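Based on the sequences and whatever the hints tell you, model everything.
Chains as they are written, first to last, in our numbering: chain B, 1 to 346; chain U, 347 to 515.
Listed next, the stretches of chain U that the computed footprint assigns to chain B, with coverage defined by at least 3 CB atoms under 8 Å from CB atoms of chain B:
hint, stretch
1, 380 to 386
2, 389 to 395
3, 421 to 428
4, 469 to 479
5, 504 to 514
It is worth saying that the hints were derived from the structure and are not from the lab. Here the structure is a predicted model, which means the values were calculated and not measured. A virtual CB, placed ideally from N, CA and C, is assigned to each residue, including glycine.
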Amino acid sequence: MAGRGDCGDGAGARQHVFLLPEYLKDASKKMKSGLMFVKLVNPCLGEGALYLFNMCPQQLFEIKVFKEKHHSWFINQSVQSGGLLHLATPMDPLFLLLYYLQKADKEGKFQPLDQVVVDDVFPDCILLLKLPELEKLLQHVTEEKVNPEIDKKKYYKYSKEKTLKWLEKKVNQTMAALKTNHINVGARVQSSAFFSSHQVSSDKEEDYICYAHGLISDYIPKELSDDLAKHLKLPEPSASMPNPPTKKVKLSDEPVEAKEDYTKFNTKDLKTEKKNSKMTAAQKALAKVDKSGMKSGSTKTEKEQVTADPHKAWLLLMSLKTLPEGSGFFFCVLENHQMPKDVHIC
Amino acid sequence: MESSDEEDVVKYRVHLRPITLRNAAPATLHFLPCEIPVNRPAPVERFFTPAIRQGPRGLEVSFRGRSLRGEEVEVPPSLVGYVMRMEEKGEVSGKQDFPEGSEDEEEQELLEPPEALERDFDRFMGASASFSRFTVWGLETIPGPDAKVRAALTWPSLAAAIHAPVQED
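So this is what it looks like as structure tokens:
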């Protein structure tokens, strides 16, 4: 009971505010197995994070927590401190598998998946092996071998080349989703822009790809994120900017700092930042970079894949504000569940 | 305390009782722009709710002598809001013990545990209420479209794009 005293008495029982996909409710009708919260690795940080696992059909959900300082909930006839909002969203398990494949690659040989996905710290990682269509997923990031004479088991080896191609597709489809939000916000953004419309559109392309790269980087180790930046021919901050932004550091090494930056950013500085962010040193530098190698993010396939809700007009505003900093807005507002003191689901 | 919580997750998986997602009664939620450092019952309906007025620019209420302005925010489509509670440790061994009458139904479900996934020492959570909208309150001003919580609500649609399977070559 130690350490749970405040949770134990009825009057002080904590309530956790969650948003879950609606279909989990319907699935529960036929479900004999269940849903469970498990701690697995955060593939970017290598630390533990909380995930939700649906056992039937097997699916992995990431849990992000929205925190806003100085907020609380009234829930019916009760008060809940902290003002946290937990969001569970489906997660591509390949990000987690990739983490283990990369780790296992140090041995430099083909291995069966159940020898790759092992973790003393997060033993529940074996749940990942139960997920459907793993073989199909693994094609994107591995070379595989089968030895039919011995067994039908497949042996996998991490492929950096394939992984970068896969991640590029991820960046592109993320970019497309960001743009879908843009469509509905165009008028508002342009009304406050300092650029001519031509400049706005050409700069945005880079902003989007950097932002999407930042979002994807939240799911991969830093080294791979750097490789992906090179692969995408993103400008190298240190080479092209007088004041190198701390983006990379914030993304992978000091996520907490990013959160605090954001808080600062959105209190009294909000109005000035909104204007200034249109033309920061980073963006000026971006504009000078050779764009010939830049991938265009608006291909047909990406448009088809977009699933973003088109009604969130202000998302782009938020993105634009934070883009010069590189570290996306969501890193700041949402973080992988690291089990803060005041949360007791863990 | 934090570290002991983390240990717990490794030691004890936390199961979410699926049936509670269907049975959760609708709840009224207010997202308040102030710290209230307690978790306990509060007479919200007696003092807070009756004071809410529909002003010319949204909802208005006075709370602790401060003027709050509010607006309703919808939970994004295809998502449902839930209020979850961790069951007491006494309830955890619920396969044998029946904690409260109201939860008998859940216990029935538990009589068919999913293989070895549930272990005697695991912990359990259930949804005690559901919601499809809540009221966001700002201090003196309406939270408006730039409210951070609104931004958080767009995360699921962006996450869907990030985690969608990629197109095959």
